[in-house]
Structure formats: structure tokens, C-alpha cells
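Novice: These protein sequence lines map, in sequence, to chains B and U. Okay, so the first sequence: first residue is 1 according to the working numbering, each after it adds one. Okay, so the second sequence: first residue is 1 according to the working numbering, each after it adds one.
By construction, these hints were calculated from the structure, which means they are not laboratory data. These numbers were taken from a predicted model, which means no experiment stands behind them. Where hints are given, some of them may not hold.
[To be verified] Mimicking DSS-like on lysine-lysine, the simulated pairs with C-alpha atoms at most 27 angstroms apart in a straight line are:
| # | chain 1 | residue 1 | chain 2 | residue 2 |
| --- | --- | --- | --- | --- |
| 1 | B | K56 | B | K116 |
| 2 | B | K64 | U | K24 |
| 3 | B | K116 | B | K64 |
| 4 | B | K53 | U | K24 |
| 5 | U | K24 | B | K56 |
[To be verified] Estimated spans, in silico, between C-beta atoms of each pair:
| # | chain 1 | residue 1 | chain 2 | residue 2 | range |
| --- | --- | --- | --- | --- | --- |
| 6 | B | L70 | U | I25 | 37 to 47 angstroms |
| 7 | U | G153 | B | E238 | 29 to 39 angstroms |
| 8 | U | S108 | B | V235 | 53 to 63 angstroms |
| 9 | U | A12 | B | M113 | 52 to 62 angstroms |
| 10 | B | F259 | U | K6 | 20 to 30 angstroms |
[Said to hold, decoys possible] To be clear about the criterion: a stretch of chain U counts as covered by chain B if any three or more of its residues have a C-beta under 8 angstroms from a C-beta of chain B, and this derived list gives those stretches:
| # | segment |
| --- | --- |
| 11 | 56-63 |
| 12 | 71-77 |
| 13 | 105-116 |
Note that beta-carbon positions come from the ideal geometry of N, C-alpha and C, so glycine has one too.
Given next are the chains, with one letter for each unit.
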Amino acid sequence: MRNVFLFIRRYFNFVFFVIIQIVSLSMLFKYNRFHEAAFMGVAGEFTGRISEKYNKVEYYFQLKKTNEALVNENAHLRNLLKQDFLPPDSTQKIVVDSIRIDSLERFRRYLYMPAKVVNNSVTSQSNYITISRGLKQGVEKDMTVVSSEGIVGTVINVSNNMATIMSLLNRQSRVSSSLKKTGETGTVEWDGNDPQVLTLRNIPKSARVNIGDTIVSGINSSYPPGQAIGYVTAVEAEKSSNFYSLLLKPATNFFNIQFVYVVKNLQKEEQDALEKATHKQDLQ
Amino acid sequence: MSELLKNIIRFAGFILIQVFILNKIPPLHGFISPYLYFLYILWLPFSMSRISLVFAGFLFGLSLDYFTKTPGLHAASCSLIAYLRPFLINVLVTHEGMGFNYTEPAPSSMGWTPYIVYILVLSFIHNAYLVFLEWLQFGNFWYFLGKVFSTTGISFLLIMITETLFYRKQKFRTNT
Chain B
1 MRNVFLFIRR YFNFVFFVII QIVSLSMLFK YNRFHEAAFM GVAGEFTGRI
51 SEKYNKVEYY FQLKKTNEAL VNENAHLRNL LKQDFLPPDS TQKIVVDSIR
101 IDSLERFRRY LYMPAKVVNN SVTSQSNYIT ISRGLKQGVE KDMTVVSSEG
151 IVGTVINVSN NMATIMSLLN RQSRVSSSLK KTGETGTVEW DGNDPQVLTL
201 RNIPKSARVN IGDTIVSGIN SSYPPGQAIG YVTAVEAEKS SNFYSLLLKP
251 ATNFFNIQFV YVVKNLQKEE QDALEKATHK QDLQ
Chain U
1 MSELLKNIIR FAGFILIQVF ILNKIPPLHG FISPYLYFLY ILWLPFSMSR
51 ISLVFAGFLF GLSLDYFTKT PGLHAASCSL IAYLRPFLIN VLVTHEGMGF
101 NYTEPAPSSM GWTPYIVYIL VLSFIHNAYL VFLEWLQFGN FWYFLGKVFS
151 TTGISFLLIM ITETLFYRKQ KFRTNT
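Just chain U, same shape as in the assembly (with noise of 0.2 angstroms):
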């Protein structure tokens, strides 16, 4: 399968499980909201041009956002993960050409523990952006706090949960 072909298909599936499975359940506490779906942007392959990951996030997020009815409110924080990724890469990755020899971030390809404080940083940046813009309109800063850390708690668990269901294996690969 195609790299295109694989990403398109993700793209609609992280979209439908968000909408129609994570977003349905009823909320157990005022604090816990389950999000996944910006894992997609965690998935997109290493060679993407920075403006395309920007401008992938911003669809992304505003393809959510139809459904939610809030436009922009997921668009703003993905299109920021999207922009901050490359950044965390480099400093992350220290090996000459990985970028080169795997196609796209995963346990096998970064190894775990960078792999881990990849998607606690970006998830954490993504939640507190996305709670920020909430509360700009309502609420009380300790909510506020309690809800970016109890998400965050929950986006990666729900993560790490999907990593080990749908194990992605990456080739090395090599020139010759």
C-alpha cells in the first residue's frame, strides 16, 4: 500500500473513532475528555515538508471540527503540534539519516523511551492549547490545570493503549 493511500485512510479513520467512539462516552468526570485523533499528525511520515504538516494539520483539525461544530477550536492546536514537530524530532533523534532510513515515527523506528517523551511533550502541548482556547471563553484557571493534565493522562494512556494494539513494524531502509 502506498504511503498516500495508507495516510488517506488513517486520516478518515482517526476522524470517525474520534467522533462516533471517544467522543460519545459519557463523561465520567468533568475533567476527563478522551482525545486520540491527533495521533495521525504524530504518524505522518518523516520526509513531509514542514509546510505540508502544517497545512495537513490544519485539515485535520478542521475536518473535526465540522463534526463538532467548533470551527477552528482543533484545527488551531494541531496545525501548532503539526509546526512543533520537526522541532522535537531533531532534538529528539540524535543518529545521523534516521530520518532517511525509516519512513515514519514509531517505537521500533525511535526506540521507546524517545518515542514516549515524543507523544507525552506533543500531547501535552496539544491538550494545554486546546483547553487554553476553551477556557479563554469560561471557567477558572485550576480547572483549567486539572483539565490539561487529567487529558493529558488520558491521551496517553489511550496512545500507548493503540501502539501496542496496532504494532507498527518499520523497515530499515537502505539505499542499494
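Bound-form chain B, shown alone (with noise of 0.2 angstroms):
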């Protein structure tokens, strides 16, 4: 026993390096698989504060960028507006629906909360977005974001009054998605090199794919669907299956992010209840 002891007094600093070691280890793969780590709320908060100063700084050399994204939806949506179409002069017979639903409020199923970017990175294989708004102002943890141009990523962490988002530049992220012309799904992905590229997989090799095509989110992720997700610019045939695989480029542009949505999704809770149940009977 006196040995030990005496073992442990004389390797003091290399027992300690170890227990370092495996510390910081421990935080690193744990936090990878669960996307939570010790402290990260609290840590996430303070470090927030720090780059939504930084950002109010950085934001004036972005103004005008932000501002033309911000006229290019505008003016996208005034022209959705129910004001600019006429309806045929057609209609023969008047038919009044007896079941009065407030159609627009009752079926509402995306919500969608405006958000200022305060932290963003593209040079790292895993990148994240921070913004200021958080548990406070109604976001929660795997809402989707999106930005006027299209999709951005997953909000992964909320505190108080922050939230980081693993945008669609990160190693992890997979995104189900569909050839906006035919409807062919397949799953986008990045491959950590050049945030100019995105890659999407499974694309049957029967689908008629051009270049310049745009992708969309499918029906069956957690974003909206139909939102823009990159337009491709190349495709490979690989040789050993039966699907192409895409190279696109991704809708949003990422170096000057500054303002997304986070949408919430209001049947989420009784799609997943729902599909959970249905999943448990095919068990039994």
C-alpha cells in the first residue's frame, strides 16, 4: 500500500496530465453523441453575450447584403399577395360550405419567430450558429431554422436567452430532401471540406437530374416542405450502384448569415405521439 502511495507522490504530474486527458476526452466524445455538454448552458450564455457585442460591430459591413436579402423577400411575398391574381370569370354556381372553419388559424402549422445570428462559423468541419433568442422567447430544442433563402440548420441547445444551431455545414447534419421538378427523395449531407458544397445521395439514377435544378426539404423532414435547400451544379454517377450522388450549392449563403426563422412546428407533438403508437401495435 505504501508503494502505491509512494508510486502515485513520485508520477504526481503525469497521473494528473492523464485525468486531464481523459477529462477533456470524456467531454469531447460524449458531447459529439448527445450535442450537450457540462456546463455548455451556462457557458453557451456567456460566450453569447460576448458575440452579440462583437456582432453588433460586424453587422454595419453586412447592412447592405442584409438589406438586398431582405427586399428579395419582400418582394417574393408581395407577390403572393391574394391582391395580384384574378380569378377567372368562370364561376357558374355559387356553392356555400355549411361547415364554417377558420381555416387559416385553426390548421396554422408552422410557426415562424425571427431571430438575429450573433455568432457563425464556416471554417471548421462542425460549425454552429448562435442566436439571441432562446427558452425565453419560445424556442426549443430540435426546432428547424431557415433564412429567406432557404434552409440553415437544427437548433441543437437552448439557455435562457441564446440557442446554438447546427447548420447544414456540419459533419453530423443530414437533411431528407426531394428534386423540386419530380419528387425523387434523397439526403443531403456535407463532407467537411468546402462550405461551397453540399452532397446529395440517393438520387435514383432513373430521376432526370439537370444542372442548375433546385432540391427542396422532402415531406418527410423536420423542416417545412418545399423550402429551398441548394441548387445542384454537378452530377456524379457513382459506378458501383444504382444512384447519383449531387453536388449542390446550398441556397443560404453562410458567410453572412444575419437573420433566420425558427419555425415551430405545431402537430409535431401529436405527428411523433401518433407515429410512436402506430410504431408500438406493429411491435406487438
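Two chains, two frames, some hints: make the complex.
Specialist: What follows is the structure in C-alpha cells.
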């Protein structure tokens, strides 16, 4: 016993070093699996504050581009206004529906909440975005995030006033998506090298794909369906399989993103509960 | 200015520079990511005990980790170079009692050649370990090798620029 203590005393430096290494490595691998870590909430609040201060300065240099994106979105929304469309004068019979349902409110599925980006990275292999909107303002874990141009990522960590988003530019991000024209579905991933290139796998070779085609989020993704993900820049046929892998240019410009919308799926709980119950029935 | 205060200011300074300047540089190439922050550990005084060196490295790396949302990644590699630092200094510095006559490692206290070797070896170890930990999760071997060497080159360049911009004069201290 005495020898053990002597040994520890003699090599105390080394033992301490090994303990520190074990602590940090376990933090690292735990975090990547569960997207959570010790003190991440507290630290997120603190680093978020500093990033917010920094962003106040940085924001001015991108006002022009931000403005442009917002104007584009406004124009897009204006084009959707009802008063811009004239119904063709072909009605012959007016049918009054006897059941009156406020169809806009009751069946609202997605709620968009604007948020300011305070920190953003594109340079590492796992990129995260911090927004200054948190639990108190209605953001929850696993909500999806879109921008005016296309989809951005998923909320993975929330503190009281901040939230972090795993962006599309993350090695662990997987988004189910489909071709806008023909509807074949596949998975969008990022290989960690070039932030201008995403990869879309599992598109069958029977699909007709052209360069410049739009890829949108699919119906079984957690994003609102039909949001732009990217535009095809190259089509590669995988030799050993029946699938294409497509290279995409992301629709969202991750380099100067300043405003995003957090999307709340109001029917998510119901859908999840139903699917879970169905699954259970299946197993029995 | 006392040594402690100086190092606390450096702590914050290096982290802010790494997070808000170097990490913001748009990627020129998939291989290149500029790292300068670990120079803080190379600049810590000679007189620190090895335990406190490792602990300082751990804290320093962890606070960077909370900015980049990768808890443990930089902490592991920082504590590794903090642990290896005293061995390397013992090998490189030959004349007696150098550690008592100067406060911290610098070209003016160690001489340029030993200092450059000191920097090259430690930044290589740091980058290799850091990229290795990333690579464990994804990537292929050639990517790993290329990234280690290019990152070490860029780190060396940045450190040399810093050394010449902020030349630290080291006073020769005597007992009297």
C-alpha cells in the first residue's frame, strides 16, 4: 500500500496529466454523441453575450447585403398577395360550405419566429450558429431554422436567451430532401471540406437531373416542405450503385447570414405521439 | 505590471483574437485553418510548476472550446503541449540556471535557434493531436497528414509574425 502511494506521489504530474486528458476526451466524445456537455448552458449564455457585442460591430459591414436579402424576400412575398391575382370569370354556381372553419388559424402548422444571428462559423468541420433568442422567447430543442433564402439548420442547444444551431455545414447534419421538379427523395450531407459544396445522395439513376435544378426539403424532413436547400452544380454517377450523388451549392449564403427564422411545428407532438403509438402496435 | 496580471490579460487577448479574427477568416483551402492561440501556453513563465502548467493549459483550451462549441477538443491538445513543454525546455536550454535568470521563453532569452525548434516541435504536436481528434470522427488519412503539415506551417508563420511585431525584451535577472 505504501508503495502505491509512493508511486502516485512520484509520478503525480503524469497522473494529473492523464486525468485531465481523460476528462477532456470524455467531454469531447460525449458532446458529439448527445449534443450536450457540462456547463454548456451557462457557458453558452456567456460566450453568446460576447459574440453579441462583437456582432454589433460586424453587422454594420454587412448591412447592404442583409438589406438586399430582405428586399428580395419582400418582393417574393408581395408576389404571393391575393390581391395580385384575378380569379377567372368562369364561376357559374356559388356553393356555400355549410361547415364554417377558420381555416387559417386552426390548421396553422408552422410558426415562424425571427431571430438575430450573433455568432456564426463556416471554417471548421462542425459549424454552429448562435442566435439571440432562447427558451424565454419560445425556442425549443429540435426546432428547425430557415433563412429568407433557404434552410439553415436545427436547434441543438437552448439556454434562457440564446440558442445554438447545427448548421447544414456540419459533418453530422442530415436533411431529407427531394428534387423540386420530379420529387425523388435523398439525403443532403456535407463532407466537411468546402462550405460551397453540399452532397445529395440516393437519387436513383432513373431521375432526370439537370445542372441548376432546385433541391427542396422533403415531406418527411422536420423542415417545412418545399424550402430551398440548394442548386445542383454537378451530377456524379456512382459506378457501383444505382444512385447518383449530386453536388449542390447551398441556397443560404452562410458567409453573411444575419437574420433567420426559427420554425415551430405546431403539430409535431401530435404527429410524434401517433407515429410512436403505431410503431408500438406494429411490434406487438 | 505583475506577471500574473500580464498573463491574465494575455489569456483573454489570445482567445478573443483566435475566436473573432482567425476563426472568421473564410477558408482559402480545405487544409488551412490558422491557429495561433496556443502561443499563450508557450509564453507562460519558466517558474510555473508542471501541475499548474497542465491545469492552465486545460482551462485555456476549454474556454476556447466553449466559443467553438467543441468541449474538450482544444483542452486536450493544450494540456498535452503544456505537459510536454518542460521536457523540451530542459533538452533545448543547455546552460545552467537559465530558468532562474529569465522569466519566460522568448527569442531573446533562449536564442533564436532553440526557440524556433521549441515552437516548431510544440506546434506540430499540438496540431497533430488536434487534427487527429477531429479525424477520429471523420476523414481519410491523406487529408489528415496534409492538414497537420499545412496547419503547422501556417501556425509557424503566424507565430513568427507575432514574435517580430511584439518583440519581448527579456531582462537578465541576477540575485543581487
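Novice: All the hints need checking, so say for each whether the structure fits it.
Specialist: Evaluated hints:
For the given pair, K56(B) sits about 11 angstroms from K116(B) by alpha-carbon distance, which is consistent with the 27 angstroms threshold. Using a Cα cut-off of 27 angstroms, the hinted pair K64(B) and K24(U) holds, with the two alpha carbons roughly 19 angstroms apart. The suggested pairing of K116(B) with K64(B) holds, with an alpha-carbon distance near 16 angstroms, which does not exceed 27 angstroms. In summary, the hint linking K53(B) to K24(U) is supported, as the alpha carbons are separated by about 15 angstroms, within the 27 angstroms threshold.
Between the alpha carbons of K24(U) and K56(B) the distance comes to roughly 15 angstroms, so the proposed pair stays at or under 27 angstroms and holds. Between L70(B) and I25(U) the Cβ separation comes to about 27 angstroms, which falls outside the hinted range of 37 to 47 angstroms. The beta-carbon spacing between G153(U) and E238(B), approximately 35 angstroms, falls within the hinted interval of 29 to 39 angstroms. Remark: the range hint 53 to 63 angstroms for S108(U) to V235(B) is upheld by a beta-carbon distance near 59 angstroms.
The beta-carbon spacing between A12(U) and M113(B), approximately 34 angstroms, falls outside the hinted interval of 52 to 62 angstroms. A beta carbon spacing of about 41 angstroms between F259(B) and K6(U) contradicts the range 20 to 30 angstroms that was offered as a hint. Residue count for the segment 56-63 of chain U with a Cβ under 8 angstroms from a Cβ of chain B: 3. That meets the three needed, and the coverage hint holds. For the segment 71-77 of chain U, the stated coverage by chain B is satisfied: 5 residues place a CB nearer than 8 angstroms to a CB of that chain, which reaches the threshold of 3.
Using a Cβ-Cβ cut-off of 8 angstroms, 0 residues of the segment 105-116 of chain U lie near chain B, which falls short of the minimum of three, so the contact claim is violated.
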